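Given these sequences and hints, build the entire structure.
There are 2 protein chains.
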Amino acid sequence: MGPINKTDGIPLYIKIRQQLHDEIENKILLPGQKIPSEDELASNYGVSRMTVRQAIADLIDEGLLYRRHGVGTFVSHSHVVRDQSRLTNLFEGAEQEGVNISVQVLIADILPAKIKVSHALNLAEGDLVFHIKTLRSTDGMPITVHDAYVPYKLIPQLLQEDLEATPLWDIFELNGYRVKRAVQRLEAREADEELAGLLSVEEGSPIFYKERTVYLDDGTPIEFTHCYNRGDRYTLTVVLYR
Amino acid sequence: MGPINKTDGIPLYIKIRQQLHDEIENKILLPGQKIPSEDELASNYGVSRMTVRQAIADLIDEGLLYRRHGVGTFVSHSHVVRDQSRLTNLFEGAEQEGVNISVQVLIADILPAKIKVSHALNLAEGDLVFHIKTLRSTDGMPITVHDAYVPYKLIPQLLQEDLEATPLWDIFELNGYRVKRAVQRLEAREADEELAGLLSVEEGSPIFYKERTVYLDDGTPIEFTHCYNRGDRYTLTVVLYR
DNA sequence: GAGTGGTCTAGACCACCCG
DNA sequence: GGGTGGTCTAGACCACTCG
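Chains as they are written, first to last, in my numbering: chain F, 5 to 246; chain Z, 5 to 246.
Don't take every hint at face value.
One copy or two, either will do: identical chains are not told apart, so a pair holds if it fits within one copy or between any two.
[Said to hold, decoys possible] Below, simulated EDC-like cross-link-like pairs (lysine to aspartate or glutamate); rule was C-alpha separation at most 20 Å, straight line:
#1 K31 to E207
#2 K118 to D151
#3 K38 to E198
#4 K137 to D151
If you're looking for bench data, these hints aren't it; they were derived computationally from the structure. Just so you know, these numbers come straight off a predicted model, no measurement behind them.
Okay, here's the thing in structure tokens:
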């Protein structure tokens, strides 16, 4: 431990947070163990107590620590990895594990939004949207069909991008739009004839249907997508709180 | 606005938070609109700026506000209701909307944990667990089958409770265990013969399968459940961040 | 340069929990 | 009573954005 270098421009609470994070990761602080009190940490690091609290608050948010009033601050037992359900993971559902996914664009055009899409994207009915239909496969095995809708006015040049090589969210990012959160509605369905063909399954096979709306940090919806996933090759993990 | 009553024991930042919350709810502050600066709020309410920041931090966490460094703090456009995906909702999936759900207990016994359950609940194989299998219906229409497992040692008297009348989490709460978060794994499957019978569907019908582990705030797992939901009567909504 | 949020201090008093 | 976290103050300086 010991005082902290205060002259390198990195906020103190971030350095303290990282140090505690490392100590938990490296089992120097063990699950269930009490960490030093806020006063103690403040004096050890040579900072004020409010600064320590800011670091601790972040780690509590991450699920690594929890507090008990009048008792102390402790390391959580099972660090339910919050990253499991972060958007980066949701982004391509299954692809995080080094599985390489290929994307085939089936449709990419511009059309007036119908009622459901316009409502999801907070547009007027008839406002122009991109419709991008893709088939994603792992090792040549199709796993999912996406129908994505994006407001035309947000990225008019969208179709000039290489949609098979560049994830949609990377394109958003390049245009200054940072995705913040997504709302997903999930269902189990049966494959209809078209889906069965695209996904190489029997008609009537289980389909993991996912409908999602993606938002920027100011709450603007930027994408609405229907996802049809092969039930036998796709699972989704989410974490819910409180 | 104006200064705040500082003598009623309610923390100032909570009262400021509620006031801002109300103003957003009641459209006094409109989506996209800039709220007063932190300095301004501090002086209006007669508190320090750190106190105002605490109130604002909570509202940002809720998704009602967002900040832009050097610019200001703004009301989000679409308040993706975070409550949609809070545990209270997940708790009974569909029941939040005033739909009344009846619960029928099919099995309630104690047995040694098999490998998968013991792993999920952080127990040794063979440690005792409750197994509670229930069928839930809305208006006499079966929608879901649960196989819930709870460590025996946490609530030895669990079977003395009225499991059909009292939600499991209420029983936890009564025993001093506050549920904090859940990890869910979701799949689309087909109904096997037993499930088809219980849920009154054809064999092979789509089933929304959900496997979840529920944790207390110190990270202790308290419940592991397999849920088999009728695909045509069950949807799940979740919100993911960052 | 003016205004805003981001970080930080060095204290203070209170509420809670435990032995 | 002693230790802990919960709340709060009255300042300070910095970093960012915009006109």
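Homo-oligomer pair classification [D151, K137; C-alpha up to 20 Å] | within (4 Å within a copy, 38 Å between copies)
Status of E207 relative to K31 across identical chains (alpha carbons, at most 20 Å) = neither (51 Å within a copy, 49 Å between copies)
Using 20 Å as the alpha-carbon threshold, which applies to K38 and E198: within, between, both, or neither?
-> neither (57 Å within a copy, 48 Å between copies)
Could you figure out if K118 and D151 sit no more than 20 Å apart (CA to CA) within one copy, between two copies, both or neither?
-> Answer is within: at 13 Å inside a copy they meet the 20 Å cutoff, but 41 Å across does not.
Violated hints, listed in ascending order, are 1, 3; each of the other numbered hints is respected by the structure.
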